[in-house]
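Chain by chain, the residues run as shown.
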Amino acid sequence: MDLSQIDWTPLEISFRTSVVATLIAFVLGVTAARLVLGLRGRVQAVLDGFFTLPMVLPPTVLGFFLLVIFGRNSPIGRLLMDIGIRIIFSWEATVIAASVVAFPLIYRTVRASFEQIDPTVIQAARTLGIPEILIFLRIMIPMAWPGAAAGTILGFARALGEFGATLMIAGNIPGKTQTIPISIFFAAEGGNMQLALLWVLIIVAISFSVVIAMNLCGRRKG
Amino acid sequence: MLKSLRLATMAVLLAFTASLYAASAKTEIIVSAAASLTDAMNELIAAYQKVKPDITVTPTYGSSGSLQKQIEQGAPADLFASASPKQMNELEKEGLLLEGTRRNFAENKVVLIVPAGAKGISAFTDAATDKVKQIALGEPTSVPVGQYAEQVFTSLNILGKVKAKAIYAKDVRQVLSYVEMGEVDAGVVYATDAAISKKVTVAAIAPEGTHKPVIYPAAVIKDSRHPDAAKGFLKWLSSSPEAGKILVKYGFAIAK
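If you read the sequences in order, they're chains A and B. Mapping the first sequence onto numbering that gives the first Met the number 0, position 64 (from 1) lands on 63, and the numbers just tick up by one. Mapping the second sequence onto numbering that gives the first Met the number 0, position 110 (from 1) lands on 109, and the numbers just tick up by one.
Hints are computed from structural coordinates only; laboratory data are not their basis. C-beta: ideal position from N, C-alpha, C; glycine also. Hints are supplied without guarantee of correctness; some may be wrong.
With beta-carbon atoms standing in for the labels, derived distance ranges [said to hold, decoys possible]:
1. A:Glu11 x B:Glu241: 50 to 58 Å
2. B:Val50 x A:Phe63: 36 to 44 Å
3. B:Thr153 x A:Glu11: 26 to 34 Å
4. B:Asp129 x A:Gln43: 49 to 57 Å
5. B:Lys197 x A:Val55: 30 to 38 Å
6. A:Arg71 x B:Met9: 54 to 62 Å
This is chain B alone, in the form it adopts within the complex (with noise of 0.2 Å):
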């Protein structure tokens, strides 16, 4: 009697794991997205899942930097965004890309932003000034709008001095964190980052010419073991109406 009754457990329990792993054979693809595309990707992957219910999209965020890394190691992703196509040129070299799939996407604008009600900073020209002791910066070396802002920076000739009261962060929204805390005087972020914060204001817009436009580029992974899903979302996700008023809420600008 025992013996039967364990035997009838174990196949009850058997038969569950193996329904468990059923339902999710459901095609999956995984989206590695630049740190700044947060709130926008989360509303375009709920809209895209209303036109295709039968493909789950999981998003997975960070800086271009980090994101190009774990692919270069081999990370599961299906599609890659960058907030600059430094990134998504390296990915290229090294012919980890679906071919004719990259496309620009989106872009931006590079903002310097003050601790909500704080006064008295106007233009990247005061992050020289003592008006500004802290400043905080993406990482240069692996997050896109610390590159923008340090182009921005060499511009306007006053990087040495900015660099000096420099704290780096590892993703623009630790910037725009650190900016809200109040526990610096002002951060570099893109004007997407400032929009959906309430306890930032722009202090000042990046002047035409400062920096490198600020592309978007998404493109398929070589190794993705979905491609079609892939390319099917980035298709949409760079062609269809939805897609682009989506973007424009969140203040970006459709790529040309």
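Next comes chain A alone, as it looks inside the complex (with noise of 0.2 Å):
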């Protein structure tokens, strides 16, 4: 297989995502864990449910309620062609659905690293009168890190993964929505299994560092 003659932008389409798509459900991901954190009941199981959803549900479910929210027959995806916005078949729509997916495994670890911090801290610093949001971003935040840092490195391999939304939403246009594992499925359909190979090893290998990766950031946790 002359590797000259392969198209690379697989690698840094999906890298370029991956990491777009993590970025984004951190940031969601622990407003998410700080909001449901406050909350009890009734709401609070509603909530969690809801957050959790995407990593419970087939890809291809989310792949459908993606196309129906984004799509040209819905309000907010004419919304968006009206600004001149297009999301299905763009890059952009491979970001959507590896946020989609990443974000639940973020809430979640990020949660569970909130409810570990000891709720006496949280309480000493309110009668020492800090202001809540400086409670979540200098105490919350630096304290639960060891364990929201293993739940972005997962939820940076689930996204370098996602498969079936990303085809439904984004599909698959070579250098452009083509991620490498878009480039695996088609190019086995094709009969190029040395491609294949070559995307499925790249892949495994990355996936490996980052569980690696994912059980040293664990075990630094106090």
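Join these two chains into a complex; the hints should help.
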């Protein structure tokens, strides 16, 4: 197999997509975790269920919902088209699909880490008059960091491996939305087993490193 | 008392399971057919079941390239019908077809489609202009309609320009649904696919000579467990008047 003839864009696309998606999922995940932490009872349970849902639903179900929300035939889709933004079959769609699947992983691990924080520390900070936002940013996040880091790395791995929803809303556009998992699928379908194997080995190597990094992060947890 | 009740229950369950197995011992043949044949093949099978009620025909659809791959990997197909001679030739070269059973049974046309009601596009050459910002095509390495589309665009000298705006689908029905959704400006499918959808309009038919003739061959797979049943269905498919009528109804031409 001639390595110089290979289209390496899936590597760059997957990398860009996963990094951006992980950042978005991190911000949203941490915010959601803090939000849910302050709730109780049924409201907390329902909201937690809603945030966890993308993790348990099949990716094709997620793809279907995203298609319905952002497609041409929906009010949101039409609104975006009016201001010139086209989501379906664009690179941004790969980021949306990857963020949606990474979000629950980060949300759950960050929430678990927050819950492990000694509440007396938080109460002491409150009695000292520190505003909630600073408690969140300067006390809670640093204390939750090792668990949150492990969750973020897991979210990154999930974003990297996302296929079903991505194929449905971003499609297979070489050089634009063709991520590594999509390349593998189409290479195998087209009979190009060598190319498929190459991408498989690359993604296994990346995922393996990610898992090792995650275990190392977890070990540092006080 | 309890022990004999348990034994009786087990005996009933065993007998029931055995009867299920016996019932499914009716001859079943699996037909792997190109995605573009979906609707026509469903009706053909229903008609054949009336002629031969003792044989169950089970279809499986996909791009001809995917189906070819599956057969190469040992999938239990008895009959293979592809949308292009290419996939059949490969299987023949690999010795996977039952000799003497291959025959052509249908032909099709390649068309450019747009979402229903869209105006302004009337020729394949429009794909190279700004009128088409994104076009859906079958993945050329595994989808015959993608290969035919590339042949057309190559003949028209616009392949490079079109490829830059292409989104690739895993089979012709996915191309059709992309255009139906309105998420692309145009797509290349067969005339038969355009005919079954109310949400797309045919903008142009591929000019004569711009692509290899769209010929649908079918053949019995060598490892078929019911070669006679498969041969029977293939014979009916390729030469009976009822089969011909159904194919023509969906827009196929009978192979010469």
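Going down the list of hints, with the structure as the test:
A hinted range of 50 to 58 Å holds for the C-beta pair Glu11 (chain A) and Glu241 (chain B), which are about 55 Å apart. At about 39 Å, the beta-carbon gap between Val50 (chain B) and Phe63 (chain A) stays in the expected band of 36 to 44 Å. The hint said 26 to 34 Å for the Cβ distance between Thr153 (chain B) and Glu11 (chain A), and at roughly 28 Å that hint holds. Between Asp129 (chain B) and Gln43 (chain A) the Cβ separation comes to about 52 Å, which falls inside the hinted range of 49 to 57 Å.
Range check, Lys197 (chain B) to Val55 (chain A): Cβ separation about 36 Å, and the 30 to 38 Å hint holds. A beta carbon spacing of about 58 Å between Arg71 (chain A) and Met9 (chain B) agrees with the range 54 to 62 Å that was offered as a hint.
Of the numbered hints given earlier, the model fails none.
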